[in-house]
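So you can see what is in the structure, the chains are spelled out below.
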Amino acid sequence: MVCTADLKQSPQKIKKLLKRFFVIFGIMFIGWWIVPLGLNYAQDTESAHTTAILDVEPQIAVQVLDPAVNVTNPGIGEFDVTVRFSVQANIKQVNMFVQATDFYFEGDPHGQEIEPIHLVTSTGVEIDPAGATPVEGGNTASYVGDGDPIGTYPSRKTDTISFHSNDDHTFNHSVAVTVRWNQDDPVKTAGQYRANVKLACAVEPAEH
Amino acid sequence: MGKTKRALIVFGIVWLWCLIMLPIPNYAEEIGSAVTTAALQLETTIAVQAQSPTINKTHCGNGTIDITANFNVETNTNLVNMFVETTPFYLNGVTSDPEVVPIPLDESSGVEIFPNGALLVQGQNPASYIGDGDPIDGYPSRKTVTLSFQSSDTMFSDSVAVTITWDQDDPVKAAGQYFAKIKLTCLVEPPE
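So the protein lines, in turn, are chains A and B. Under my numbering, the first sequence has 137 at position 137, and the numbering climbs by one with no breaks. Under my numbering, the second sequence has 1069 at position 69, and the numbering climbs by one with no breaks.
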C-alpha cells in the first residue's frame, strides 16, 4: 500500500525506473550480441612440445708437436729423449700408454750388422701432461711387453696411466713423453739411428 | 464515471481477446506448412600432439646437427597457421649459469615446417627466426615467423615434420647429454 501510494505520489519515479530498466536492458541486449561475436573471431591455438636429447660422444685427438726429434752425440751411456704431443678430448679423464722402439741404424730394423741402441726398460717412460694429474700413482709408466710394430719397427709397450684434467669437462693439454735409451758401445758405428715413439690415448664413453 | 470507465476497460480487453484468439480456429482448419532452417555453427577446433616425447641423437665431431621432430595436427578446418619455438642444447638440461656453453641454434638455417599433405599458402619455408619466444619448461627459446598451410581435404589431419638445425662448432665440446626443446604452435581461425 505504501508502495502504491508512493507511486501515485511520484509518477516521475516510475518514468525514471522505466528509463533505467530500458537502459540496462539495452546494454545487456547489445552485450549479448557483441560479446559472442568477439569470441568467435578469436583464434583457436594449440601447441605441443618435445624434448630433443643430444648425446655428445667422447672424442679425442692426439697430435705430435715434434714430428722429428734430433739428438746429436748423446755420449756413452743412458740418454733421454722427450717428445711432446698435444692431446685434446671432450672429457676430463684420459688414459695413456706409450709404445717405443729401439734406435736402428739408418732406420733399418732388419739390418743385422749393427746392433740397435736399446731402450732402457727398467726405468719405464715418463708421461707428463701439463695441466693434468694421474688419477692414482705416479706418472712413470712401466714397460709391460711387446707392442704393435710402429711402421716396421718392433716396439715395447708400457702400462696405462689415467690422467685427470684440471680443466672443467675437457682435456686440452700438451703431454711430454720421456723415453730412455742406453748407448753403451764406445765405438758405436757413426751414422743416423732412428726410433719411433707413439703415445696412445683412450677415453671411456660417458655414463648416462 | 468510474463504473463506466471500468466497463469500457473490460469491454476493450474482451474485444482485443476476441480479435486475437478467434482467427486461430479459422486458420487451423486450413492445411499449411512452414519450413525453418536449423543452423548449427561448429566452432573450429585443433589438437597438436608430439609423436614422441623425446628424440635421442648421438653426435660425434663438430658441425651442424639436424633434428626432425614429428607432430600430429588435427583440425576441422583446412587452413592452419604454424610457428615453432625451440631452444639451444644445454648440458644436463642446466639452463641457468651453465658451466658449458650451450650448443646454439643455427639461426641462419631457419626451421623447416613440413606438413605431410598440405601446401604452403603463406610465408616461406624454412621459417626464419624473428626473436625470442616464450620459455619452454624453463628453457629460453627462439621463435619463428608464422607459416600458413592449406590441406587438400576439408580437414587438416596431417603429420608435421619440424626440422631444426644447431651449430656445434666446438671440436672439444664436453661429452655428455644435452637437452633442447622443440614446440610447434598451431592456430586456426573461425569460419567466416
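What the hints contain is simulated information worked out from the structure, not anything from laboratory work. Each residue gets a CB set at the ideal place from its N, CA and C atoms; glycine is no exception. Honestly, I wouldn't trust all of these hints.
Stated by the list, open to error - Lysine to aspartate or glutamate pairs mimicking EDC-like chemistry, simulated, CA-CA at most 20 angstroms apart:
| hint | chain 1 | residue 1 | chain 2 | residue 2 |
| --- | --- | --- | --- | --- |
| 1 | A | K92 | B | D1170 |
| 2 | B | K1057 | A | E204 |
| 3 | B | K1143 | A | D44 |
| 4 | B | K1057 | B | D1169 |
| 5 | A | K157 | A | D44 |
| 6 | A | K92 | A | D44 |
| 7 | B | K1143 | A | E46 |
| 8 | A | K92 | B | E1099 |
| 9 | A | K92 | A | E136 |
| 10 | B | K1057 | A | E57 |
| 11 | B | K1057 | A | E136 |
| 12 | B | K1057 | B | E1112 |
| 13 | B | K1057 | B | D1167 |
| 14 | A | K188 | A | E57 |
As the list claims (entries may be wrong) - A few chain B positions that, by computed beta-carbon distances, are all more than 10 angstroms from chain A:
| hint | residue |
| --- | --- |
| 15 | P1053 |
| 16 | C1060 |
| 17 | E1107 |
| 18 | S1148 |
| 19 | T1185 |
| 20 | V1188 |
Results for each hint:
Pair hint K92 (chain A) plus D1170 (chain B) holds up; C-alpha atoms about 16 angstroms apart against a cutoff of 20 angstroms. Taken as a hint, the K1057 (chain B) and E204 (chain A) pair is honoured in the structure, with Cα atoms around 19 angstroms apart against an allowance of 20 angstroms. Annotation: proposed proximity of K1143 (chain B) to D44 (chain A) holds, straight-line Cα distance about 19 angstroms (limit 20 angstroms). Our distance criterion of 20 angstroms between C-alpha atoms is met by K1057 (chain B) and D1169 (chain B), whose separation comes to about 17 angstroms.
Proposed proximity of K157 (chain A) and D44 (chain A) is contradicted: the alpha carbons are some 70 angstroms apart, above 20 angstroms. A C-alpha spacing of about 50 angstroms is found between K92 (chain A) and D44 (chain A), which places the hinted pair above 20 angstroms, so the restraint is violated. Restraint check for K1143 (chain B) and E46 (chain A): satisfied, since their Cα atoms lie roughly 16 angstroms apart, inside the 20 angstroms limit. With a C-alpha separation of about 14 angstroms, the suggested pair K92 (chain A) and E1099 (chain B) falls inside the 20 angstroms cut-off, and the hint holds.
Between K92 (chain A) and E136 (chain A) the alpha-carbon distance is near 15 angstroms, which keeps this suggested pair within the 20 angstroms criterion. In summary, the hint linking K1057 (chain B) to E57 (chain A) is supported, as the alpha carbons are separated by about 10 angstroms, within the 20 angstroms threshold. For the hint pairing K1057 (chain B) with E136 (chain A), the CA-to-CA distance comes to about 34 angstroms; that exceeds 20 angstroms, so the pair is violated. Restraint check for K1057 (chain B) and E1112 (chain B): the C-alpha separation of about 18 angstroms stays at or below 20 angstroms, so the hint holds.
Only pairs whose Cα atoms come within 20 angstroms are accepted, and K1057 (chain B) paired with D1167 (chain B) is accepted, the gap being roughly 14 angstroms. This hinted pair does not check out: K188 (chain A) and E57 (chain A) have alpha carbons roughly 50 angstroms apart, beyond 20 angstroms. Look at P1053 (chain B): its CB is around 6 angstroms from the nearest CB on chain A, not clear of 10 angstroms, so calling it non-interface is violated. Residue-level check failed: C1060 (chain B) sits 5 angstroms from the nearest beta carbon of chain A, not beyond 10 angstroms.
E1107 (chain B), annotated as away from the interface, keeps every beta carbon of chain A farther than 10 angstroms; the closest lies near 16 angstroms. Its beta-carbon lying about 12 angstroms from the closest one in chain A, S1148 (chain B) satisfies the requirement of being farther than 10 angstroms from that chain. With a cut of 10 angstroms on Cβ distances, T1185 (chain B) falls inside the contact zone with chain A, its closest approach being about 4 angstroms. Annotated as non-interface, V1188 (chain B) brings its C-beta within 10 angstroms of a C-beta of chain A; the closest such distance is 5 angstroms.
Consistency with the previously given hints fails for numbers 5, 6, 11, 14, 15, 16, 19, 20, ordered from lowest to highest.
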